[in-house]
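Construct all of the structure, not just a fragment, from the sequences and the given hints.
Spelled out, the chains give:
Number of protein chains: 2
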Amino acid sequence: MDFPASVEWCIRACRNPIEEQSMTSPSLPVYADVLRAAERLRGHAVLTPLLESAALNKLVGGRVLVKAEVLQVTGSFKFRGAYNKISQLSPEDRERGVVAFSSGNHAQGVAAAANLLGASAKIVMPADAPAVKRAGTEFWGAAVVPYDRVKDDREAMTTGIAKAEGRTIVRPYDDPDIMAGQGTAGLEIVAQADAARARVDAVLVPCGGGGLVGGISIAIKERWPATEVYCVEPDGFDDTARSLKYGTREGNRPGATTIADALMAPAPGDLTFAVNRRNLAGGLVVRDDEMLAAMAAAFQHLKLVIEPGGAVALAAVLAGHYPAKGRTVVVVASGGNVDPATYGRALGV
Amino acid sequence: MDFPASVEWCIRACRNPIEEQSMTSPSLPVYADVLRAAERLRGHAVLTPLLESAALNKLVGGRVLVKAEVLQVTGSFKFRGAYNKISQLSPEDRERGVVAFSSGNHAQGVAAAANLLGASAKIVMPADAPAVKRAGTEFWGAAVVPYDRVKDDREAMTTGIAKAEGRTIVRPYDDPDIMAGQGTAGLEIVAQADAARARVDAVLVPCGGGGLVGGISIAIKERWPATEVYCVEPDGFDDTARSLKYGTREGNRPGATTIADALMAPAPGDLTFAVNRRNLAGGLVVRDDEMLAAMAAAFQHLKLVIEPGGAVALAAVLAGHYPAKGRTVVVVASGGNVDPATYGRALGV
Numbered sequence: 061m062d063f064p065a066s067v068e069w070c071i072r073a074c075r076n077p078i079e080e081q082s083m084t085s086p087s088l089p090v091y092a093d094v095l096r097a098a099e100r101l102r103g104h105a106v107l108t109p110l111l112e113s114a115a116l117n118k119l120v121g122g123r124v125l126v127k128a129e130v131l132q133v134t135g136s137f138k139f140r141g142a143y144n145k146i147s148q149l150s151p152e153d154r155e156r157g158v159v160a161f162s163s164g165n166h167a168q169g170v171a172a173a174a175n176l177l178g179a180s181a182k183i184v185m186p187a188d189a190p191a192v193k194r195a196g197t198e199f200w201g202a203a204v205v206p207y208d209r210v211k212d213d214r215e216a217m218t219t220g221i222a223k224a225e226g227r228t229i230v231r232p233y234d235d236p237d238i239m240a241g242q243g244t245a246g247l248e249i250v251a252q253a254d255a256a257r258a259r260v261d262a263v264l265v266p267c268g269g270g271g272l273v274g275g276i277s278i279a280i281k282e283r284w285p286a287t288e289v290y291c292v293e294p295d296g297f298d299d300t301a302r303s304l305k306y307g308t309r310e311g312n313r314p315g316a317t318t319i320a321d322a323l324m325a326p327a328p329g330d331l332t333f334a335v336n337r338r339n340l341a342g343g344l345v346v347r348d349d350e351m352l353a354a355m356a357a358a359f360q361h362l363k364l365v366i367e368p369g370g371a372v373a374l375a376a377v378l379a380g381h382y383p384a385k386g387r388t389v390v391v392v393a394s395g396g397n398v399d400p401a402t403y404g405r406a407l408g409v
Numbered sequence: 061m062d063f064p065a066s067v068e069w070c071i072r073a074c075r076n077p078i079e080e081q082s083m084t085s086p087s088l089p090v091y092a093d094v095l096r097a098a099e100r101l102r103g104h105a106v107l108t109p110l111l112e113s114a115a116l117n118k119l120v121g122g123r124v125l126v127k128a129e130v131l132q133v134t135g136s137f138k139f140r141g142a143y144n145k146i147s148q149l150s151p152e153d154r155e156r157g158v159v160a161f162s163s164g165n166h167a168q169g170v171a172a173a174a175n176l177l178g179a180s181a182k183i184v185m186p187a188d189a190p191a192v193k194r195a196g197t198e199f200w201g202a203a204v205v206p207y208d209r210v211k212d213d214r215e216a217m218t219t220g221i222a223k224a225e226g227r228t229i230v231r232p233y234d235d236p237d238i239m240a241g242q243g244t245a246g247l248e249i250v251a252q253a254d255a256a257r258a259r260v261d262a263v264l265v266p267c268g269g270g271g272l273v274g275g276i277s278i279a280i281k282e283r284w285p286a287t288e289v290y291c292v293e294p295d296g297f298d299d300t301a302r303s304l305k306y307g308t309r310e311g312n313r314p315g316a317t318t319i320a321d322a323l324m325a326p327a328p329g330d331l332t333f334a335v336n337r338r339n340l341a342g343g344l345v346v347r348d349d350e351m352l353a354a355m356a357a358a359f360q361h362l363k364l365v366i367e368p369g370g371a372v373a374l375a376a377v378l379a380g381h382y383p384a385k386g387r388t389v390v391v392v393a394s395g396g397n398v399d400p401a402t403y404g405r406a407l408g409v
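So the protein sequences, as listed, match chains A and B. If you read the first sequence in our numbering, its first letter stands for residue 61, the second for the next number, and so on. If you read the second sequence in our numbering, its first letter stands for residue 61, the second for the next number, and so on.
One or more hints might be untrue.
Repeated chains share a single entry, so a pair holds when one copy, or any two copies, can fit it.
[To be verified] Derived lysine to any residue pairs resembling SDA-like cross-links, with alpha carbons at most 25 Å apart:
#1 LYS118 to ARG309
#2 LYS211 to PRO314
#3 LYS118 to ASN175
#4 LYS281 to GLN252
#5 LYS223 to ILE319
#6 LYS118 to GLY103
#7 LYS305 to SER150
#8 LYS118 to ASP261
#9 LYS118 to GLY178
#10 LYS281 to THR308
#11 LYS223 to SER150
#12 LYS385 to ASN175
#13 LYS118 to PHE199
#14 LYS385 to LEU176
#15 LYS385 to ASP254
#16 LYS118 to GLY296
#17 LYS385 to THR317
In case anyone wonders, no lab produced these hints; they're calculated from the structure.
Quick look at the structure:
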């Protein structure tokens, strides 16, 4: 028996309002998209290890598994989404090249993926981005266009370049292909934790615009429905945590600062929030000093270089914002592109 | 037709003097020993990744593959040999425990392996060992007995404890089981490079007493006979390089210093030199400033924390002591247990 369209719409909407939203906005990524992304990335992205330290386990009284995305191409997870996106462009679009705005990690991911796929890249990057991130971007042959975080409208600059030069915009998070690409880290977490016979209670993921946590949550909820996924944000940039709490997209108050330069997105994305409100158990928030302590712990116990924004998930566990005692938790170390001065500050030298 | 014993001795000795030596001293480890060690370590040691950086490749004009043993249990390769050795002790010997002397990495490897295998451990360690190494050793429940590098005889102290307490001595390198354990890193290098379709011209390995390079050379020469294996030592501690050159075991001149605290062995081991003189293409030597530069390069391009002694192989490539241009070279990053102050010095902060 067929329902009239309007009734069917109501049933669908009541059952799952997100599905409805995906009919009007670009469709939300699903598990099959993440699997297809993994096929595209095979042999190009690093299958980063899931590391464990007895000392960290003892510190928290539980089991902490660290997904070392700092070892990914370009030193952060961003290569995954960028490669998944750019590899699907037509030959004509690749020929015209890509453009992106980014504080640095997405910039490097786009620059590397474009380079490997034979496309030129132009990156709109804040003038105060860490030197290591600008150098990493230029290494891959991308042209950097600096902007002022306060005065300039980076999205307008990016759109202008795209129109003038026919370039495809590679968004940092609010794109189904980007989210599906980042989600491949979640597939690996599942396979690696299963191989280690770990029953994971929660997965904690650093969050700026929400693309990484959204993508990972798709893989986790499909394969481990009972496992909780949390986003972790810096104090002052807890837009996703508050949005999840209130059920509507909330921005950050102006003027906030953080050492986590990679996680300063102004508000949750449209698509990312649609996925995250469905999949996430909540949002955790950490302070700068807690990130620095986590970076020092990773130096001592994991031998991994983690940048402030990449260390928020580990910080949430070490600072007790997530109660890991007696539990098994995966934390994603999402990036390691940090300047020596900031790193020295973390080590106290 | 049988030869009289003396004639047979002569023929054997002429054909291969090493084989003869193995008849009187403890037998030298062979490829089958390394395979058996890998079986024992499965599920206990980390299968550390073989990492590559486009930036490092560009710097040297070749392909550099980095075996990240800093990600091994205890932050260095030493866990491999220690676990292989202690796991073969009888229940009675495990009950009586083990004793070892070490500047710190072997100490932690022995302490961790003993802990996991239910044996108590006592470690004779230089009083000036990096704090991170002493802390790592004590974390695993081992008792640390400090000694003075100049005044005390660490081997005599170790032997005394072994006799008095019935403990088994776990030597840092001159033991077939230790060498076979370290050699499992070589098996992994072969499998990982083959999977990456890399035809490896040379494998460069940090060298103190020669156990790691000896063990790895057994795996490499069995599987890739044409690939050259080099040991890399700090300036002032180039005993193995000179011994290989002159064909006889040479010690280091007294009073030399280096920041590579892990590579200050006084002379090649008996067994290690017997293996290394047969398998190695030669020895390379690097200065302290070259190690610091390699540590900074690993920070920037690999996101790995490497200690000075662990960075000598990468340093040899970056400083041009091995001509990597147009070649594919594996460098082993053997350890990452470095104090913040020394690390800050490498980063220039």
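Comparing the hints with the structure gives:
1. LYS118 to ARG309: neither (38 Å within a copy, 44 Å between copies)
2. LYS211 to PRO314: within (13 Å within a copy, 63 Å between copies)
3. LYS118 to ASN175: The answer is between: 14 Å across copies meets 25 Å, while 43 Å in one copy does not.
4. LYS281 to GLN252: within (16 Å within a copy, 32 Å between copies)
5. LYS223 to ILE319: Neither. Shortest intra-copy (33 Å) and inter-copy (55 Å) distances fail the 25 Å Cα cut-off.
6. LYS118 to GLY103: between (36 Å within a copy, 20 Å between copies)
7. LYS305 to SER150: Close neither inside one copy (40 Å) nor across copies (58 Å); limit 25 Å.
8. LYS118 to ASP261: Answer is within; shortest intra-copy Cα gap is 17 Å, inter-copy 42 Å.
9. LYS118 to GLY178: between (47 Å within a copy, 18 Å between copies)
10. LYS281 to THR308: within (22 Å within a copy, 63 Å between copies)
11. LYS223 to SER150: Close inside one copy (17 Å), not across copies (74 Å); limit 25 Å.
12. LYS385 to ASN175: Cα proximity of LYS385 and ASN175: across copies only (22 Å, versus 44 Å in one copy).
13. LYS118 to PHE199: Answer is between; shortest inter-copy Cα gap is 10 Å, intra-copy 40 Å.
14. LYS385 to LEU176: The answer is between: 21 Å across copies meets 25 Å, while 43 Å in one copy does not.
15. LYS385 to ASP254: within (20 Å within a copy, 41 Å between copies)
16. LYS118 to GLY296: Neither way: LYS118 and GLY296 sit 30 Å apart in one copy and 40 Å across, limit 25 Å.
17. LYS385 to THR317: neither (31 Å within a copy, 45 Å between copies)
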